[in-house]
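K.L.:
So you can see what is in the structure, the chains are spelled out below.
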Amino acid sequence: MTTKQVMNAKLSPVADMKSVVAPTERRRLPRLPDTPPVPAPPPRLGDYEPIIGCADLDEIRFIAKELRGRTMKMVNSTSLGGGVAEMLNRLVPLLTELEVETHWDVITGGNDFFEVTKAFHNALHGAKYQLTKQVQEIFLLYNEQNRQRMHFDEDLIVIHDPQPAALINARADSRAHWIWRCHIDVSNPNHEVWGFLRPMIEKFDATVFSSSSFARQLGIPQYLFFPCIDPLSEKNKELPDSEVQRVCDDFGIDRSRPIVTQVSRFDRLKDPVGVVQAYKMARKYVDCQLVLAGGGATDDPEGAAVLAEVKEAAGDDPDIIILDLPPWCALEINALQRASTIVVQKSLREGFGLTVTEALWKGKPTIASAVGGIPNQVIQKLTGALVHSVEGCAYQIRYLITHPELALQLGRNGHDHVRENFLMTTNVKRWLLLFRIMLRNELC
Amino acid sequence: MATSQTLELQTRVAHKPFYFNTSAHLLRIGRERATTLPELLQALRTCSEDSIFQHTFRTLEEHHFIREGFSNDFAHWAFSVCHEPGLAERLAALDVREFTSVERMRERLVQIVQNYIENNSHAASHVAREPFYFCSSDTVVVPTPFVAHNLPEFADGLARVSIHSIHHHFIEARLRLKLTSNDFSLWLQDEMEMKEAAKRLNYIDIYTVTLEDVRRHILRIVDRALGK
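Protein chains in written order, with my numbering: chain B, 1 to 444; chain X, 1 to 228.
It should be emphasised that the hints constitute simulated quantities derived from the structure, not laboratory data.
Glycine is no exception: its CB is placed at the ideal position from the N, C-alpha and C atoms.
Each hint should be verified, as a subset may be incorrect.
Non-contacting residues of chain X with respect to chain B, defined by C-beta distances greater than 10 Å in every case (computed) [unchecked claim]:
#1 Ala24
#2 Leu26
#3 Gly86
#4 Leu94
#5 Ala197
#6 Asn202
#7 Tyr203
#8 Tyr207
Examples of chain B residues lying across from chain X (beta carbon under 10 Å, computed) [unchecked claim]:
#9 Pro50
#10 Ile51
#11 Lys65
#12 Trp194
#13 Ser212
#14 Gln217
#15 Leu224
#16 Phe225
#17 Leu382
#18 Thr383
#19 His388
#20 Val390
#21 Asn413
#22 Glu420
#23 Arg440
The following block holds chain B by itself, in its conformation from the complex (with noise of 0.2 Å):
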């Protein structure tokens, strides 16, 4: 036996396992609620203070001066459900607060529009698509008709991903600078549809991408704002352990032993049968439970066939607990990411990934791959673990349940990287910069 055998084994509690009793039996009906809460009032800046301290706070403030009387307009196609409404719901009473007056407008339009920027997103993807006359003429039509509905009369319009690109059209008639905030990754687009909005979106002063790598070659200057999250939200907020414990209680998870836990969609690009297969690799040697905690089983049928096959994969395994939760769960997401000793993120493609975002926030050691936007967050050995494959994702799960100091330091420097980097608050503050930069002669 080699040494690591011996360590394995000394700190593996695999054998005392029968002495636990079975989470089946434990597990009681979870109380989830059957509609989504009623949201809260937004926060105010003053809020933040105790998160982010005063200094910083201060900063914003003194960033938000010379802006003072000066307006903003943000324009995108819903205001509801997606990360884009739910930002704006908390970025545009700030930004008011800080007496930058910011007006959010939401563009219209009938089913048939709504196709066509459902097709032109998913090309922007990399789709293949067909992009005809027809569609052109729908695209524009519905731009130009809103362009007529809304006024531009702020001093900085920013109009969110491609559906009101068009609307761009309407520069000629205001005095405001023009920003472009691309939330998806545009680097290896549909060419037929990339090239049609290249043009309008050449015409704004800037562009904002989520990551350096979802921007293409522009002749304007592009920016990059990093994704956020809000940790004042119902997803994100402290809790108290007594929440924490109720709901680890209700879905039969066991706080005396890790818990492991990957909080995604049903989605095979997600890859929750990666993470079973990781798991039962680590559990030879270090006793564990994993919670795989998602959504999009029921109203999506591919969810559901990810469900069955995550299903099949954990087997009678009583330690596997897999929860089908309905989008407004955030409380219980963020009680079981409270709850975990480690979180796993390994998605075979990702956007930002802010599920990993949210669980360094909450200083959980993390090891997530390295896809997409997750490097930006996960830097290796110092904020979490990258891995690139199930087997390293096996070792990362055993490596940081031995070694809890390091996992512990881990779980540190995310959640100071995210309180960096990540917050609503710097959000605020990057679009006062930008504000500031466009406006710079202005100013002066």
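Since chain B is already given, all that's left is putting chain X on it; use the hints.
P.N.:
Chain X alone, transformed into the frame defined by chain B:
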């Protein structure tokens, strides 16, 4: 117990007050990218000064909470993506405080990468899993309300400004001053006649501590001078 010297320091009034400013930066995506070491070398030669600044001076600020293993983005890429620890070590050994101009820093980076490629021909053909994306930053300097006319006010301001202000005055300053010193040391030396304390500030190792630790170190030096 305060000596006459510390009492005098506590009440000494500066001819020129210290105005605490801060700088805020917005990341800009550049045109250059590299997937091999020769491409990195080429881009290092042609990228803007702002890019060199971003990936060396600024990245230190972005990762100020990490005490070890993060020196600059080039070193990090060489280590974690290119798997060239020898190059990473050489790049990581660069200390931004030794440079009073970005051009000098660029020359040094070019020299290190060029030498490495010349001595490690295998490394030149290796294609990195992830490209190095060159970025730069647009900077906005913002005044804060904190002004020090004397040493106690200086200590108070230092304790209350953000980490970004510390970086602005303590690290970025050398590019502005073209001196291997910093705004705090210059003020302590010129206005408070605290030559020794000014010198001690420059001994603080910014690569093994966080910027919050740097603040504490400076405050300790100032407090000691004030007899606290």
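K.L.:
Of all the hints given earlier, name the ones this structure violates by number, lowest first.
P.N.:
1, 2, 9, 10, 12, 20
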